[in-house]
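Novice: Based on the provided sequences and hints, a complete structural model is requested.
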Amino acid sequence: MEKQKVSPWIALIPVIFLISSLYYAIRIAGADPHIPLFTSAIFAALIGMLVLKIKWSTIEEGIVDTIKMSMGAIIILMIIGMVIGTWILSGVVPSMIFYGLKILSPKIFLLATLLMCSVVSLATGSSWTTAGTVGIALMGIGSTLGIPAPIIGGAIISGAYFGDKMSPLSDTTNLAPAMAGAKLFDHIKHMIYTTGPSYIIAAILFTIIGLGYTSEALDNTLINQFNEGLQGAFTISPLLLLVPVIVIGIVVMKVPAIPGLFGGAILGGLVAMMMQGASLGDVMGALHYGYESATGIEVVDELLSRGGLDSMMWTISLILCAMTFGGVMEKTGMLEALANVILGFAKSTGSLVVATILTALGMNILAGDQYLSIVIPGRMFKDAYDKRGLAPKNLSRVLEDSGTLTSALIPWNTCGAFMIATLGLAPWTYVPYCFLNLINPFVSIFYGFTGITMEKVEGAES
1 MEKQKVSPWI ALIPVIFLIS SLYYAIRIAG ADPHIPLFTS AIFAALIGML
51 VLKIKWSTIE EGIVDTIKMS MGAIIILMII GMVIGTWILS GVVPSMIFYG
101 LKILSPKIFL LATLLMCSVV SLATGSSWTT AGTVGIALMG IGSTLGIPAP
151 IIGGAIISGA YFGDKMSPLS DTTNLAPAMA GAKLFDHIKH MIYTTGPSYI
201 IAAILFTIIG LGYTSEALDN TLINQFNEGL QGAFTISPLL LLVPVIVIGI
251 VVMKVPAIPG LFGGAILGGL VAMMMQGASL GDVMGALHYG YESATGIEVV
301 DELLSRGGLD SMMWTISLIL CAMTFGGVME KTGMLEALAN VILGFAKSTG
351 SLVVATILTA LGMNILAGDQ YLSIVIPGRM FKDAYDKRGL APKNLSRVLE
401 DSGTLTSALI PWNTCGAFMI ATLGLAPWTY VPYCFLNLIN PFVSIFYGFT
451 GITMEKVEGA ES
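Read in my numbering, the sequence shown has 162 at position 162, and its numbers run on one by one without any break.
Simulated from the structure, these hints should not be mistaken for laboratory data. Positions of the beta carbon are idealized from the N, C-alpha and C atoms, including for glycine. Do not rely on the hints blindly, as some may be mistaken.
What the hints assert, rightly or not - Calculated pairs, PhoX-like style, for lysine-lysine (alpha carbon to alpha carbon, straight line, at most 20 Å):
(1) Lys382 x Lys456
(2) Lys53 x Lys107
(3) Lys347 x Lys387
(4) Lys5 x Lys68
(5) Lys5 x Lys53
(6) Lys456 x Lys189
(7) Lys183 x Lys5
(8) Lys387 x Lys456
(9) Lys347 x Lys456
(10) Lys183 x Lys456
What the hints assert, rightly or not - Using C-beta positions, here's what the derived DEER-type ranges look like:
(11) Thr58 x Gly389: 36 to 44 Å
(12) Trp314 x Tyr24: 14 to 22 Å
(13) Lys189 x Glu302: 53 to 61 Å
(14) Ile108 x Ser20: 41 to 49 Å
(15) Asp386 x Thr453: 13 to 21 Å
(16) Ser305 x Trp56: 42 to 50 Å
(17) Ile258 x Trp428: 27 to 35 Å
(18) Ile108 x Ser317: 36 to 44 Å
(19) Thr58 x Ser20: 21 to 29 Å
Specialist: Right under this line is the structure:
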(Lines of atoms letter the chains of each structure in order from A and count residues from 1; the text may use other names and numbers.)
(Lines give C-alpha, C1' and ligand atoms only; values in the text may rest on other atoms or scores of the structure.)
Protein backbone atom coordinates (compact mmCIF):
# COMPACT_ATOMS: atom_id res chain seq x y z
CA MET A 1 0.00 0.00 0.00
CA GLU A 2 1.34 3.46 -0.92
CA LYS A 3 2.37 5.52 2.07
CA GLN A 4 0.09 8.48 2.80
CA LYS A 5 1.59 11.91 2.20
CA VAL A 6 2.00 13.65 5.55
CA SER A 7 1.77 17.39 6.09
CA PRO A 8 5.01 18.77 7.57
CA TRP A 9 2.91 20.82 9.99
CA ILE A 10 1.42 17.64 11.42
CA ALA A 11 4.86 16.03 11.49
CA LEU A 12 6.19 19.00 13.44
CA ILE A 13 3.69 18.57 16.30
CA PRO A 14 5.39 15.54 17.97
CA VAL A 15 8.79 17.20 17.48
CA ILE A 16 7.61 20.31 19.36
CA PHE A 17 6.09 18.06 22.03
CA LEU A 18 9.40 16.20 22.34
CA ILE A 19 11.53 19.35 22.58
CA SER A 20 9.17 20.90 25.14
CA SER A 21 9.00 17.79 27.32
CA LEU A 22 12.77 17.26 27.18
CA TYR A 23 13.37 20.89 28.13
CA TYR A 24 11.01 20.66 31.09
CA ALA A 25 12.35 17.32 32.31
CA ILE A 26 16.06 18.10 31.99
CA ARG A 27 16.29 21.84 32.59
CA ILE A 28 13.42 22.46 35.04
CA ALA A 29 12.57 19.19 36.79
CA GLY A 30 16.12 17.80 36.75
CA ALA A 31 14.78 14.47 35.50
CA ASP A 32 16.19 11.98 33.00
CA PRO A 33 15.12 12.08 29.32
CA HIS A 34 13.57 8.58 29.28
CA ILE A 35 9.97 9.47 30.14
CA PRO A 36 9.78 12.50 27.80
CA LEU A 37 11.10 10.35 24.94
CA PHE A 38 8.66 7.52 25.58
CA THR A 39 5.73 9.87 26.19
CA SER A 40 6.56 11.66 22.93
CA ALA A 41 6.54 8.31 21.14
CA ILE A 42 3.04 7.55 22.41
CA PHE A 43 1.94 11.10 21.52
CA ALA A 44 3.32 10.66 17.98
CA ALA A 45 1.55 7.30 17.72
CA LEU A 46 -1.75 8.91 18.71
CA ILE A 47 -1.31 11.49 15.94
CA GLY A 48 -0.55 8.65 13.57
CA MET A 49 -3.73 6.79 14.51
CA LEU A 50 -6.17 9.68 15.01
CA VAL A 51 -5.00 12.13 12.36
CA LEU A 52 -3.18 10.00 9.78
CA LYS A 53 -5.51 6.98 10.23
CA ILE A 54 -2.66 4.50 10.55
CA LYS A 55 -3.39 1.28 12.43
CA TRP A 56 -1.65 0.63 15.72
CA SER A 57 -0.41 -2.72 14.40
CA THR A 58 1.41 -0.90 11.60
CA ILE A 59 2.96 1.60 14.02
CA GLU A 60 3.97 -1.18 16.40
CA GLU A 61 5.63 -2.98 13.49
CA GLY A 62 7.66 0.18 12.81
CA ILE A 63 8.71 0.41 16.46
CA VAL A 64 9.83 -3.21 16.55
CA ASP A 65 11.68 -2.93 13.23
CA THR A 66 13.53 0.17 14.41
CA ILE A 67 14.44 -1.39 17.74
CA LYS A 68 15.75 -4.43 15.85
CA MET A 69 18.22 -2.12 14.13
CA SER A 70 19.66 -1.15 17.51
CA MET A 71 19.78 -4.62 19.08
CA GLY A 72 23.34 -5.26 17.94
CA ALA A 73 24.42 -1.99 19.54
CA ILE A 74 22.53 -2.83 22.75
CA ILE A 75 24.20 -6.24 23.05
CA ILE A 76 27.62 -4.64 22.50
CA LEU A 77 26.78 -2.07 25.18
CA MET A 78 25.94 -4.85 27.65
CA ILE A 79 29.21 -6.64 26.86
CA ILE A 80 31.27 -3.45 27.24
CA GLY A 81 29.83 -3.17 30.77
CA MET A 82 31.10 -6.70 31.45
CA VAL A 83 34.49 -5.86 29.93
CA ILE A 84 34.88 -2.84 32.19
CA GLY A 85 33.98 -4.93 35.25
CA THR A 86 36.45 -7.76 34.64
CA TRP A 87 39.20 -5.50 33.32
CA ILE A 88 39.16 -3.54 36.56
CA LEU A 89 38.94 -6.70 38.70
CA SER A 90 41.86 -8.24 36.77
CA GLY A 91 44.05 -5.17 37.19
CA VAL A 92 44.12 -4.43 33.46
CA VAL A 93 42.63 -0.94 33.74
CA PRO A 94 44.59 -0.13 36.95
CA SER A 95 47.83 -1.19 35.20
CA MET A 96 47.02 0.93 32.14
CA ILE A 97 46.42 3.91 34.44
CA PHE A 98 49.53 3.19 36.55
CA TYR A 99 51.93 3.06 33.60
CA GLY A 100 50.14 5.85 31.77
CA LEU A 101 50.75 8.16 34.72
CA LYS A 102 54.45 7.30 34.52
CA ILE A 103 54.91 8.30 30.88
CA LEU A 104 52.27 10.91 30.03
CA SER A 105 52.61 14.54 31.08
CA PRO A 106 49.66 16.95 31.19
CA LYS A 107 51.11 19.04 28.34
CA ILE A 108 51.01 16.26 25.75
CA PHE A 109 48.21 14.19 27.23
CA LEU A 110 45.30 15.48 25.14
CA LEU A 111 47.20 15.26 21.86
CA ALA A 112 48.47 11.79 22.81
CA THR A 113 44.89 10.76 23.66
CA LEU A 114 43.66 11.96 20.27
CA LEU A 115 46.43 10.07 18.44
CA MET A 116 46.13 6.86 20.48
CA CYS A 117 42.37 6.65 20.02
CA SER A 118 42.74 7.42 16.31
CA VAL A 119 45.18 4.53 15.82
CA VAL A 120 43.04 2.04 17.77
CA SER A 121 39.82 3.05 15.99
CA LEU A 122 41.52 2.90 12.58
CA ALA A 123 42.74 -0.61 13.39
CA THR A 124 39.40 -1.84 14.75
CA GLY A 125 36.94 0.30 12.78
CA SER A 126 35.00 0.84 15.99
CA SER A 127 34.64 3.99 18.10
CA TRP A 128 32.85 1.89 20.73
CA THR A 129 35.70 -0.62 21.06
CA THR A 130 38.15 2.28 21.32
CA ALA A 131 36.18 4.05 24.05
CA GLY A 132 35.55 0.79 25.91
CA THR A 133 39.24 -0.20 26.01
CA VAL A 134 41.92 2.52 25.89
CA GLY A 135 39.29 5.24 26.44
CA ILE A 136 38.48 4.01 29.94
CA ALA A 137 42.15 4.03 30.97
CA LEU A 138 42.77 7.45 29.42
CA MET A 139 39.86 8.92 31.39
CA GLY A 140 41.50 7.69 34.58
CA ILE A 141 44.96 8.93 33.63
CA GLY A 142 43.74 12.34 32.54
CA SER A 143 41.60 12.86 35.64
CA THR A 144 44.59 12.11 37.85
CA LEU A 145 46.70 14.56 35.84
CA GLY A 146 44.17 17.24 36.75
CA ILE A 147 42.50 17.57 33.35
CA PRO A 148 38.68 17.97 33.43
CA ALA A 149 36.74 14.89 32.32
CA PRO A 150 34.72 16.67 29.59
CA ILE A 151 37.94 17.73 27.82
CA ILE A 152 39.42 14.22 28.05
CA GLY A 153 36.13 12.80 26.75
CA GLY A 154 36.23 15.22 23.81
CA ALA A 155 39.74 14.07 22.87
CA ILE A 156 38.78 10.38 23.16
CA ILE A 157 35.61 10.81 21.10
CA SER A 158 37.39 12.90 18.45
CA GLY A 159 40.05 10.23 18.01
CA ALA A 160 37.60 7.34 18.19
CA TYR A 161 35.35 8.83 15.51
CA PHE A 162 38.28 9.62 13.22
CA GLY A 163 38.91 5.90 12.85
CA ASP A 164 35.22 5.00 12.88
CA LYS A 165 34.83 7.33 9.90
CA MET A 166 38.01 6.48 7.96
CA SER A 167 38.57 2.76 8.61
CA PRO A 168 37.39 0.29 5.94
CA LEU A 169 36.51 -2.01 8.84
CA SER A 170 33.87 0.42 10.14
CA ASP A 171 30.20 -0.39 9.58
CA THR A 172 29.26 3.23 8.87
CA THR A 173 32.17 3.58 6.42
CA ASN A 174 30.65 0.69 4.48
CA LEU A 175 27.02 1.77 4.96
CA ALA A 176 27.40 5.33 3.65
CA PRO A 177 28.77 4.43 0.17
CA ALA A 178 26.21 1.61 -0.03
CA MET A 179 23.40 4.15 0.45
CA ALA A 180 24.94 6.65 -2.00
CA GLY A 181 26.01 4.16 -4.67
CA ALA A 182 29.74 4.89 -4.25
CA LYS A 183 32.71 2.53 -4.05
CA LEU A 184 34.19 1.96 -0.58
CA PHE A 185 37.76 3.11 -1.23
CA ASP A 186 36.64 6.02 -3.44
CA HIS A 187 34.51 7.07 -0.48
CA ILE A 188 37.41 6.80 2.01
CA LYS A 189 39.82 8.74 -0.24
CA HIS A 190 37.19 11.44 -0.79
CA MET A 191 36.69 11.85 2.97
CA ILE A 192 40.37 12.79 3.40
CA TYR A 193 39.57 16.24 1.97
CA THR A 194 37.14 17.10 4.76
CA THR A 195 38.41 14.90 7.59
CA GLY A 196 42.10 15.82 7.14
CA PRO A 197 41.76 19.59 7.77
CA SER A 198 39.24 18.97 10.57
CA TYR A 199 41.63 16.55 12.27
CA ILE A 200 44.59 18.95 12.01
CA ILE A 201 42.54 21.77 13.55
CA ALA A 202 41.39 19.44 16.35
CA ALA A 203 44.99 18.37 17.03
CA ILE A 204 46.11 22.00 17.24
CA LEU A 205 43.28 22.88 19.63
CA PHE A 206 44.01 19.92 21.93
CA THR A 207 47.71 20.85 21.92
CA ILE A 208 46.92 24.45 22.90
CA ILE A 209 44.55 23.35 25.68
CA GLY A 210 47.10 20.80 26.91
CA LEU A 211 49.77 23.49 27.25
CA GLY A 212 47.55 25.11 29.86
CA TYR A 213 48.06 22.12 32.16
CA THR A 214 51.68 22.63 33.16
CA SER A 215 53.72 20.43 35.45
CA GLU A 216 53.64 23.20 38.05
CA ALA A 217 49.89 22.83 38.27
CA LEU A 218 50.17 19.07 38.67
CA ASP A 219 49.53 17.64 42.11
CA ASN A 220 52.28 15.00 42.39
CA THR A 221 51.07 14.11 45.86
CA LEU A 222 47.74 13.06 44.41
CA ILE A 223 49.42 10.99 41.69
CA ASN A 224 51.68 9.26 44.22
CA GLN A 225 48.70 8.59 46.47
CA PHE A 226 46.76 7.29 43.49
CA ASN A 227 49.53 4.91 42.39
CA GLU A 228 50.06 3.70 45.94
CA GLY A 229 46.34 2.96 46.14
CA LEU A 230 46.50 1.01 42.88
CA GLN A 231 49.53 -0.99 44.01
CA GLY A 232 47.91 -1.72 47.35
CA ALA A 233 44.72 -3.08 45.78
CA PHE A 234 46.06 -4.82 42.65
CA THR A 235 49.03 -6.72 41.34
CA ILE A 236 50.31 -4.24 38.76
CA SER A 237 52.20 -5.80 35.85
CA PRO A 238 53.05 -4.90 32.24
CA LEU A 239 51.84 -8.40 31.33
CA LEU A 240 48.30 -7.23 32.01
CA LEU A 241 48.60 -4.80 29.09
CA LEU A 242 48.54 -7.80 26.77
CA VAL A 243 44.82 -8.23 27.42
CA PRO A 244 43.68 -5.08 25.52
CA VAL A 245 46.31 -5.77 22.85
CA ILE A 246 44.85 -9.25 22.31
CA VAL A 247 41.26 -7.95 22.17
CA ILE A 248 42.14 -5.20 19.70
CA GLY A 249 44.01 -7.80 17.63
CA ILE A 250 40.93 -10.04 17.62
CA VAL A 251 38.79 -7.19 16.27
CA VAL A 252 41.42 -6.30 13.66
CA MET A 253 41.31 -9.91 12.45
CA LYS A 254 37.63 -9.26 11.65
CA VAL A 255 36.20 -11.43 14.40
CA PRO A 256 32.63 -10.08 14.88
CA ALA A 257 32.40 -7.47 17.63
CA ILE A 258 29.99 -9.36 19.92
CA PRO A 259 31.99 -12.61 20.33
CA GLY A 260 35.27 -10.69 20.17
CA LEU A 261 34.40 -8.29 22.98
CA PHE A 262 32.73 -10.97 25.10
CA GLY A 263 35.92 -12.97 24.72
CA GLY A 264 37.72 -9.91 26.10
CA ALA A 265 35.41 -9.91 29.14
CA ILE A 266 36.02 -13.62 29.77
CA LEU A 267 39.78 -13.17 29.27
CA GLY A 268 39.67 -10.41 31.88
CA GLY A 269 37.93 -12.79 34.28
CA LEU A 270 40.53 -15.53 33.75
CA VAL A 271 43.36 -13.05 34.29
CA ALA A 272 41.64 -11.80 37.45
CA MET A 273 41.71 -15.32 38.89
CA MET A 274 45.34 -15.91 37.88
CA MET A 275 46.85 -12.50 38.70
CA GLN A 276 44.62 -11.06 41.43
CA GLY A 277 43.46 -14.23 43.22
CA ALA A 278 39.82 -13.56 42.41
CA SER A 279 37.31 -16.39 42.74
CA LEU A 280 34.86 -17.47 40.03
CA GLY A 281 32.14 -15.83 42.10
CA ASP A 282 34.09 -12.55 42.10
CA VAL A 283 34.35 -12.73 38.32
CA MET A 284 30.63 -13.40 37.92
CA GLY A 285 29.89 -10.50 40.25
CA ALA A 286 32.13 -8.16 38.23
CA LEU A 287 30.48 -9.28 34.98
CA HIS A 288 27.01 -8.60 36.35
CA TYR A 289 27.35 -5.81 38.91
CA GLY A 290 30.76 -4.32 38.16
CA TYR A 291 33.72 -3.75 40.45
CA GLU A 292 33.39 -2.09 43.85
CA SER A 293 36.66 -0.46 44.91
CA ALA A 294 37.38 -0.25 48.63
CA THR A 295 40.93 1.08 48.92
CA GLY A 296 39.90 3.85 51.29
CA ILE A 297 41.34 6.43 48.88
CA GLU A 298 38.35 8.39 47.62
CA VAL A 299 39.73 9.33 44.19
CA VAL A 300 40.74 5.72 43.46
CA ASP A 301 37.45 4.26 44.68
CA GLU A 302 35.42 6.79 42.70
CA LEU A 303 37.26 5.97 39.47
CA LEU A 304 37.34 2.18 39.80
CA SER A 305 33.87 1.48 41.21
CA ARG A 306 32.12 0.87 37.91
CA GLY A 307 31.32 -1.53 35.10
CA GLY A 308 29.13 -4.60 34.90
CA LEU A 309 26.03 -5.53 32.93
CA ASP A 310 23.76 -3.62 35.30
CA SER A 311 25.69 -0.38 34.79
CA MET A 312 24.46 -0.21 31.19
CA MET A 313 20.74 -0.67 31.88
CA TRP A 314 20.07 3.08 32.25
CA THR A 315 21.66 3.67 28.87
CA ILE A 316 19.91 0.71 27.22
CA SER A 317 16.51 1.86 28.45
CA LEU A 318 17.27 5.33 27.08
CA ILE A 319 18.13 3.85 23.68
CA LEU A 320 14.92 1.81 23.64
CA CYS A 321 12.84 4.91 24.43
CA ALA A 322 14.58 6.89 21.70
CA MET A 323 14.21 4.10 19.16
CA THR A 324 10.51 3.79 20.00
CA PHE A 325 10.02 7.46 19.13
CA GLY A 326 12.14 7.10 16.00
CA GLY A 327 10.19 4.03 14.92
CA VAL A 328 6.86 5.81 15.22
CA MET A 329 8.09 8.85 13.31
CA GLU A 330 9.60 6.71 10.54
CA LYS A 331 6.63 4.35 10.08
CA THR A 332 4.03 7.11 10.03
CA GLY A 333 5.98 9.03 7.37
CA MET A 334 6.44 12.07 9.63
CA LEU A 335 10.26 11.86 9.47
CA GLU A 336 10.17 11.84 5.71
CA ALA A 337 7.77 14.79 5.65
CA LEU A 338 10.14 16.89 7.75
CA ALA A 339 13.13 15.89 5.64
CA ASN A 340 11.30 16.82 2.43
CA VAL A 341 10.78 20.34 3.75
CA ILE A 342 14.53 20.68 4.20
CA LEU A 343 15.10 19.31 0.69
CA GLY A 344 12.85 22.05 -0.68
CA PHE A 345 15.43 24.67 0.32
CA ALA A 346 18.25 22.93 -1.57
CA LYS A 347 18.54 25.25 -4.59
CA SER A 348 22.35 25.01 -4.99
CA THR A 349 25.06 22.46 -4.33
CA GLY A 350 25.99 24.24 -1.11
CA SER A 351 22.42 24.32 0.15
CA LEU A 352 22.02 20.65 -0.84
CA VAL A 353 24.99 19.79 1.36
CA VAL A 354 23.50 21.87 4.20
CA ALA A 355 20.15 20.09 3.72
CA THR A 356 21.84 16.69 3.88
CA ILE A 357 23.79 17.61 7.02
CA LEU A 358 20.75 19.06 8.79
CA THR A 359 18.64 16.03 7.89
CA ALA A 360 21.31 13.63 9.21
CA LEU A 361 21.60 15.70 12.39
CA GLY A 362 17.82 15.68 12.70
CA MET A 363 17.74 11.90 12.36
CA ASN A 364 20.34 11.61 15.12
CA ILE A 365 18.20 13.83 17.34
CA LEU A 366 14.74 12.49 16.51
CA ALA A 367 15.39 8.85 15.63
CA GLY A 368 18.24 8.39 18.11
CA ASP A 369 20.26 6.11 15.86
CA GLN A 370 23.43 6.60 13.82
CA TYR A 371 22.38 4.13 11.14
CA LEU A 372 19.06 5.86 10.48
CA SER A 373 20.95 9.16 10.12
CA ILE A 374 22.84 7.61 7.19
CA VAL A 375 20.14 5.40 5.67
CA ILE A 376 17.23 7.89 5.54
CA PRO A 377 19.12 10.95 4.18
CA GLY A 378 21.05 8.66 1.83
CA ARG A 379 17.82 7.27 0.46
CA MET A 380 16.20 10.70 0.24
CA PHE A 381 18.98 12.78 -1.31
CA LYS A 382 20.50 10.30 -3.78
CA ASP A 383 18.34 11.50 -6.69
CA ALA A 384 19.05 15.16 -5.88
CA TYR A 385 22.83 14.57 -6.06
CA ASP A 386 22.39 12.55 -9.28
CA LYS A 387 20.36 15.35 -10.90
CA ARG A 388 23.16 17.80 -10.18
CA GLY A 389 25.69 15.47 -11.79
CA LEU A 390 27.53 15.03 -8.49
CA ALA A 391 29.51 11.83 -8.04
CA PRO A 392 27.96 9.46 -5.46
CA LYS A 393 31.07 9.75 -3.26
CA ASN A 394 30.07 13.36 -2.52
CA LEU A 395 26.83 12.20 -0.91
CA SER A 396 28.53 9.35 0.97
CA ARG A 397 31.12 11.79 2.32
CA VAL A 398 28.49 14.26 3.50
CA LEU A 399 26.53 11.45 5.17
CA GLU A 400 29.58 10.54 7.24
CA ASP A 401 30.60 14.17 7.85
CA SER A 402 27.21 14.63 9.51
CA GLY A 403 25.45 11.38 10.42
CA THR A 404 28.46 9.51 11.75
CA LEU A 405 30.12 12.41 13.55
CA THR A 406 27.13 14.14 15.16
CA SER A 407 25.70 10.90 16.59
CA ALA A 408 28.06 11.00 19.59
CA LEU A 409 26.94 14.52 20.48
CA ILE A 410 23.29 13.62 21.23
CA PRO A 411 22.88 12.09 24.74
CA TRP A 412 19.88 9.89 23.82
CA ASN A 413 21.36 8.71 20.54
CA THR A 414 22.77 5.17 20.76
CA CYS A 415 26.30 6.53 20.21
CA GLY A 416 26.02 9.50 22.57
CA ALA A 417 24.45 7.33 25.28
CA PHE A 418 27.24 4.78 24.87
CA MET A 419 30.02 7.36 25.18
CA ILE A 420 28.40 8.95 28.24
CA ALA A 421 27.95 5.60 29.99
CA THR A 422 31.32 4.11 29.05
CA LEU A 423 33.46 7.17 29.77
CA GLY A 424 31.46 8.35 32.79
CA LEU A 425 30.62 11.74 31.27
CA ALA A 426 27.75 14.07 32.08
CA PRO A 427 25.39 14.75 29.13
CA TRP A 428 26.31 17.78 26.98
CA THR A 429 29.40 18.76 29.05
CA TYR A 430 31.82 17.02 26.68
CA VAL A 431 30.22 18.27 23.45
CA PRO A 432 32.16 21.59 23.16
CA TYR A 433 35.43 19.59 23.21
CA CYS A 434 34.54 17.06 20.48
CA PHE A 435 36.44 19.25 18.05
CA LEU A 436 36.60 16.81 15.13
CA ASN A 437 32.88 16.06 15.38
CA LEU A 438 31.97 19.75 15.51
CA ILE A 439 34.39 21.09 12.88
CA ASN A 440 33.97 18.44 10.18
CA PRO A 441 30.36 19.31 9.17
CA PHE A 442 31.35 22.97 8.69
CA VAL A 443 34.31 22.02 6.50
CA SER A 444 31.91 19.91 4.44
CA ILE A 445 29.52 22.87 4.09
CA PHE A 446 32.42 25.14 3.04
CA TYR A 447 33.35 22.71 0.27
CA GLY A 448 29.70 22.50 -0.79
CA PHE A 449 29.40 26.25 -1.34
CA THR A 450 32.87 26.74 -2.87
CA GLY A 451 32.70 23.60 -5.01
CA ILE A 452 36.11 22.45 -3.76
CA THR A 453 36.44 18.64 -4.20
CA MET A 454 32.73 18.37 -5.14
CA GLU A 455 33.49 16.04 -8.04
CA LYS A 456 31.09 15.58 -10.93
CA VAL A 457 30.32 12.32 -12.69
CA GLU A 458 32.04 11.94 -16.02
CA GLY A 459 30.20 13.81 -18.75
CA ALA A 460 28.17 15.93 -16.31
CA GLU A 461 28.05 19.70 -16.81
CA SER A 462 30.21 21.72 -14.43
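Novice: Look at each hint and say if it fits the structure.
Specialist: Quick rundown of the hints versus the structure:
For the given pair, lysine 382 sits about 14 Å from lysine 456 by alpha-carbon distance, which is consistent with the 20 Å threshold. Taken as a hint, the lysine 53 and lysine 107 pair is broken in the structure, with Cα atoms around 61 Å apart against an allowance of 20 Å. For the proposed pair lysine 347 and lysine 387, the alpha carbon gap of about 12 Å is at most 20 Å, so the pair holds. For the proposed pair lysine 5 and lysine 68, the alpha carbon gap of about 26 Å is over 20 Å, so the pair is violated.
For the proposed pair lysine 5 and lysine 53, the alpha carbon gap of about 12 Å is at most 20 Å, so the pair holds. With a C-alpha separation of about 15 Å, the suggested pairing of lysine 456 with lysine 189 holds against the 20 Å cut-off. Distance restraint check for lysine 183 and lysine 5: the Cα-Cα separation of roughly 33 Å exceeds the 20 Å cut-off, and the hinted pair is therefore not satisfied. Between the alpha carbons of lysine 387 and lysine 456 the distance comes to roughly 11 Å, so the proposed pair stays at or under 20 Å and holds.
Taking the CA atoms of lysine 347 and lysine 456, the gap is about 17 Å. The hint holds against a cut of 20 Å. Simply put, lysine 183 and lysine 456 have alpha-carbon atoms about 15 Å apart, close enough for the 20 Å limit, and the pair holds. Between threonine 58 and glycine 389 the C-beta distance comes to about 38 Å, which sits within the given range of 36 to 44 Å. Distance hint check: the CB atoms of tryptophan 314 and tyrosine 24 are about 20 Å apart, consistent with the given range 14 to 22 Å.
Between lysine 189 and glutamate 302 the beta carbons are some 45 Å apart, a value that contradicts the proposed interval 53 to 61 Å. The hinted range of 41 to 49 Å is satisfied by isoleucine 108 and serine 20, whose Cβ atoms lie roughly 45 Å apart. Restraint check, aspartate 386 to threonine 453: a C-beta distance of roughly 18 Å satisfies the suggested window 13 to 21 Å. Between serine 305 and tryptophan 56, the C-beta spacing of about 44 Å keeps the proposed range 42 to 50 Å intact.
About 30 Å separates the C-beta atoms of isoleucine 258 and tryptophan 428, a value consistent with the hinted range of 27 to 35 Å. Taking 36 to 44 Å as the suggested C-beta distance range, the pair isoleucine 108 and serine 317 conforms, at roughly 39 Å. Range check, threonine 58 to serine 20: Cβ separation about 27 Å, and the 21 to 29 Å hint holds.
Comparing the model with each numbered hint stated earlier shows that hints 2, 4, 7 and 13 do not hold.
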